Amino acid sequence: GAVVSQHPSRVICKSGTSVKIECRSLDFQATTMFWYRQFPKKSLMLMATSNEGSKATYEQGVEKDKFLINHASLTLSTLTVTSAHPEDSSFYICSAMTPSGRGYEQFFGPGTRLTVL
Amino acid sequence: SQELEQSPQSLIVQEGKNLTINCTSSKTLYGLYWYKQKYGEGLIFLMMLQKGGEEKSHEKITAKLDEKKQQSSLHITASQPSHAGIYLCGAGPQETSGSRLTFGEGTQLTVNP
Numbered sequence: 804g805a806v807v808s809q810h811p812s813r814v815i816c817k818s819g820t821s822v823k824i825e826c827r828s829l830d831f832q833a834t835t836m837f838w839y840r841q842f843p844k845k846s847l848m849l850m851a852t853s854n855e856g857s858k859a860t861y862e863q864g865v866e867k868d869k870f871l872i873n874h875a876s877l878t879l880s881t882l883t884v885t886s887a888h889p890e891d892s893s894f895y896i897c898s899a900m901t902p903s904g905r906g907y908e909q910f911f912g913p914g915t916r917l918t919v920l
Numbered sequence: 010s011q012e013l014e015q016s017p018q019s020l021i022v023q024e025g026k027n028l029t030i031n032c033t034s035s036k037t038l039y040g041l042y043w044y045k046q047k048y049g050e051g052l053i054f055l056m057m058l059q060k061g062g063e064e065k066s067h068e069k070i071t072a073k074l075d076e077k078k079q080q081s082s083l084h085i086t087a088s089q090p091s092h093a094g095i096y097l098c099g100a101g102p103q104e105t106s107g108s109r110l111t112f113g114e115g116t117q118l119t120v121n122p
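Order-wise, the sequence lines are chains L and W.
Per my numbering, the first sequence starts with residue 804, numbered consecutively.
Per my numbering, the second sequence starts with residue 10, numbered consecutively.
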């Protein structure tokens with residue numbers, strides 16, 4: 804089946820530093836990947852749509868200069884949280900979209916827990 | 010924008026009991042997805058419903074999309090501790106795309122042995 808990985812699974816960093824999170828589709832190519840953010844006991848909030856070879860599309864209220872997205876290949880998208888602050892601490896989940904018999908399906912990564920001290 | 014409301018927000022049941030989780034949309038649902046999430050982990054795809062009146066089952070979990078396509082229910086029969094987790098419904102903005110999913114707030118299910 805379609806597998807999506809994320810690295811790292813957990814990261815702790817100091818305030819002001821930048822953190823890069825990788826999202827990889829392991830056994831399929833994904834022209835589109837999505838980045839979500841999840842707060843404790845809350846639902847997933849879509850941050851941006853990452854398209855291979857083009858600029859990411861950000862949702863309203865999401866700072867594109869704060870959350871840099873690069874979709875370098877059909878199997879890799881990266882999210883860089885620049886100059887991280889404690890309020891950026893969250894659970895970040897990516898998903899990769901692939902065509903299926905039912906149209907398109909999204910497969911989710913296991914998530915990355917970011918803690919900014 | 011589409012909004013999804015799930016009820017109940019949390020549910021505690023005794024092992025062996027049946028339960029139902031509801032997901033109500035502010036707009037017509039074209040593709041309704043159910044996922045399960047363990048705290049701090051990714052989402053596990055359960056089922057996708059597209060047609061009004063559609064019903065799908067997988068093991069002891071059954072999901073339905075009502076005829077008017079604005080509400081879906083997820084029913085678990087004879088619940089087990091392994092069913093515990095957060096259940097999320099998600100919906101896409103149009104019929105042919107699973108992209109840009111909007112999620113409900115989730116339902117936290119606890120199954121006591």
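In short, the hints are calculated from the structure, not lab data.
Be careful, since some hints might not be right.
Unchecked claim - Below, in silico cross-link-like pairs of lysine-lysine (DSS-like), each with a Cα-Cα straight-line distance of 25 Å or less:
1. K26(W) to K77(W)
2. K817(L) to K858(L)
3. K78(W) to K60(W)
4. K73(W) to K45(W)
5. K60(W) to K47(W)
6. K36(W) to K845(L)
7. K77(W) to K823(L)
8. K26(W) to K823(L)
9. K845(L) to K869(L)
10. K823(L) to K858(L)
11. K78(W) to K36(W)
12. K69(W) to K36(W)
13. K845(L) to K73(W)
14. K60(W) to K26(W)
15. K77(W) to K47(W)
16. K65(W) to K36(W)
17. K60(W) to K845(L)
18. K65(W) to K45(W)
19. K77(W) to K844(L)
20. K60(W) to K844(L)
21. K45(W) to K26(W)
As the list claims (entries may be wrong) - Stretch-level coverage of chain W by chain L, calculated; a stretch enters the list once three of its residues show a Cβ under 8 Å from a Cβ in chain L:
22. 60-74
23. 83-91
Unchecked claim - On the chain L side, residues computed to face chain W include the following (Cβ under 7 Å):
24. G819
25. S846
26. L847
27. G856
28. P889
29. I896
30. F911
Fair warning: this is a prediction, and the values are worked out from it, not measured in the lab.
In this text, a Cβ means the ideal position worked out from N, Cα and C, and glycines have one as well.
Quiz item: What are the numbers of the hints that this structure violates, sorted from low to high?
Solution: Hints 1, 2, 5, 7, 8, 12, 14, 15, 17, 19, 20, 22, 23, 24, 27 and 28 are the ones this structure does not satisfy, whereas the remaining hints hold.
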